[in-house]
Amino acid sequence: MNRLLLASWRSLVLFWTEPIRAEPLAVYRILLAAVILLSQLTGFVRHLSTMCGDDPLLPAETRDAWLTKSGRICLLRGPINLPFLGEWLPDKIFGDHLRPERNRLQNWISDDSAKAWADWGAKPSSVYSLYAVYLVVLVCVMVGFRTRLMTFAAVLLAATFNNRMVELINGGDSLFRNGLYFLLLSPAGAMWSVDAWMKRREKTIPVMIEPWSVRLIQIQLAIMYLFTGLTKLNDIRPDAVYGWWWPRGDWLDGVALYWVLNDVALTRWSYAQFAVPMVVCKLLTWGTLFFELFFSILVAIRPIRPFIVLAGLGLHLGILLTMEIGWFSQVSMCFYALLIPGEKWVAFANRILRTRTGDMGK
Amino acid sequence: MAQEQSHTDGNSGATEKAPLSSFRRYAKATLVFLVVAWHLFFFAVRNPLDLWDDAITSWLRRAGWFYRDSDTVPEHAWNVRPGYRFFDELTFRYANTVGVEQRWVMFTPPMAQRAPFLAVRFEFDDDSTELVKSANEPTPHQFFRFGDWQNRKYEDAIMEIPDRKGDDNPEWPMWVQFVRRVVARWKAKHPDDTRRMVRVVLVKRFIDFPNPDQPSDQYTYDTEDLVTFDPEGKLL
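If you read the sequences in order, they're chains A and B. The letter at position 259 of the first sequence is residue 259 when you use the working numbering, and the numbering goes up by one with no holes. Offset between the second sequence (1-based) and the working numbering: plus 1000.
Everything labelled a hint here was simulated from the structure, so no lab data went into it. Remember, predicted model here, so these are calculated numbers, not experimental data. By construction, the Cβ of each residue, glycine as well, lies at the ideal position given by its N, Cα and C atoms. Incorrect hints may appear among the rest.
Unchecked claim - Derived lysine-lysine pairs resembling BS3-like cross-links, with alpha carbons at most 25 Å apart:
hint : chain 1 : residue 1 : chain 2 : residue 2
1    : A       : K199      : B       : K1028
2    : B       : K1204     : B       : K1165
3    : B       : K1204     : B       : K1153
4    : B       : K1028     : A       : K69
Stated by the list, open to error - Chain B side only, calculated, beta carbon under 7 Å to chain A, not exhaustive:
hint : residue
5    : R1025
6    : H1039
7    : F1042
8    : F1043
9    : E1089
10   : T1097
11   : P1170
12   : P1173
13   : P1212
14   : Q1214
In isolation and in its complexed conformation, chain A is listed as follows:
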């Protein structure tokens, strides 16, 4: 028993502390920034003038109450909720405690300056300029130039534009902000980046990084699946005959995917054009539910991890193929880069770039 506990403890310590190769994180950085950039170029770019331009559909001041209430930030709306500059230590959390101390740590910007800032952010020219900066920043994150600083800027600007046009975003946009934030905590520029190239890193030895930030991203992915799966079992009621409590509903009945594929607001084509047999709908429904509920356990088992990765990629490709729900699938697939070993990425990069073995960091 003691030996088992000791082995578990040792595994846990190694999981959090044993250095790992930097390639998966580099691929994650490149893919995530590229996907966000593409999502912007095909999304917000087209709506910016209608939503935030002259006589906008989303007037700037309509954001303020919601931003203040929810603790969100938007650089186009002044210092609302920004640490130190605005009110970021609210009574709603701290009550009456430490009020003088808190007041010293917030609202450093005067009301007049805050209003001038918000007025500046309401101008279309300010929106367009800041958006151009956002796109450039995303390119910098992708190529790994001043990676940490640019990732910080990307986090701020993604929050700014997602919150400025919150009516236009979906789960993919929230997920990429999530991914960017954890990228900020990680040594994302350690490899395959301008930063690494400028430091003329020795190429013959694998670059190793501390694992904790990568582990947090992996755990975030596992949590996303777990809770998405658990909410599909939300309908828990006592059985009418036997009285025991048991989840039920469309997912357990196997009809959930039938209804999803019939949703004419979301699907790429009509179910009437390409009807999927009910037995296939049921298998896909149960397969999805099983995957989401057990991903976090199965992915931890090394021998079956490749199959779980393939199943996950298949799930997201299936969603991408059949549903028009923005960039959720593409962003989710970026996270899978961290589940593929560095050696595989090196081999893949060498094959793609047709370089000699060893040129890409082996």
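Given the coordinates of chain A, assemble chain B onto it according to the supplied hints.
Here is chain B on its own, set in the frame of chain A:
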């Protein structure tokens, strides 16, 4: 391994560096531990609260551990509410401020069996009407959709008419702007129309999906009037 560790780097680079002093090493290890512990705590607290706050507080109330402000807390009772709400608000604001919002839900049951689409009905002084459907509303038995999902999201938001309508709602100008925009677009498209527009009605059009035992192209429609404006965007 020793060679590998010499190339380990917690920041942006991975070149060999002078070893950290022991104080800095311990300070860094402590900081990393706190960051990791905070995020694990955050995941563990925020996710259940995002999804099952009501269920959790109901259960705590039944167990006698959660009292509302209006409740009389018995002597020696253990009231977890202040701590619960503190961590709820703390993790909620942290998630929203830094952008790590959780609330992972997708196709939660019961599944939607109908899809709503926004439409606008213009009413004229000669009692005639014109219905303008959303570009997102497809012919349900035959369509192909690629892109434009952000327009759908915007129209979904417009269909959510708030309880508090009018100027005392700071978000109300969003609906006013929408009405003005659709009216301007209509007038630009029909410059020769001599009718005077008197009312603009936002309409929710539902397309009901066929049940599994019905023919797959048997869609039905339903409509619901949401809110009425004058052509200038004033609420009627």
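Tested hints:
1. Restraint check for K199(A) and K1028(B): the C-alpha separation of about 23 Å stays at or below 25 Å, so the hint holds.
2. With a C-alpha separation of about 17 Å, the suggested pairing of K1204(B) with K1165(B) holds against the 25 Å cut-off.
3. This hinted pair checks out: K1204(B) and K1153(B) have alpha carbons roughly 14 Å apart, not beyond 25 Å.
4. Taking the CA atoms of K1028(B) and K69(A), the gap is about 34 Å. The hint is violated against a cut of 25 Å.
5. Here the hint on R1025(B) is broken, as its CB sits about 12 Å from the closest CB of chain A, past 7 Å.
6. Annotation: H1039(B) was flagged as interfacial toward chain A, and the flag holds, the nearest CB pair being 5 Å apart, inside 7 Å.
7. Contact between F1042(B) and chain A, as hinted, is not supported at the beta carbon level, the nearest pair being about 10 Å apart and thus beyond 7 Å.
8. The beta carbon of F1043(B) is positioned within 7 Å of a beta carbon in chain A (closest approach about 5 Å), and the interface hint is therefore held.
9. Annotation: E1089(B) was flagged as interfacial toward chain A, and the flag holds, the nearest CB pair being 5 Å apart, inside 7 Å.
10. For T1097(B), the suggested interface contact is upheld, since its CB lies about 5 Å from the closest CB of chain A, less than 7 Å.
11. Interface restraint check for P1170(B): the shortest CB-CB distance to chain A comes to about 4 Å, inside 7 Å, so the restraint holds.
12. A least Cβ separation of about 5 Å between P1173(B) and chain A falls short of the 7 Å threshold, and the interface hint therefore holds.
13. Among the interface hints, the one on P1212(B) holds; its C-beta lies about 6 Å from the nearest C-beta in chain A, closer than the 7 Å criterion.
14. This hint is violated: Q1214(B) has a C-beta 11 Å from the nearest C-beta of chain A, more than the 7 Å allowed.
Hint compliance for this structure: hints 4, 5, 7, 14 are not met, and every other hint is.
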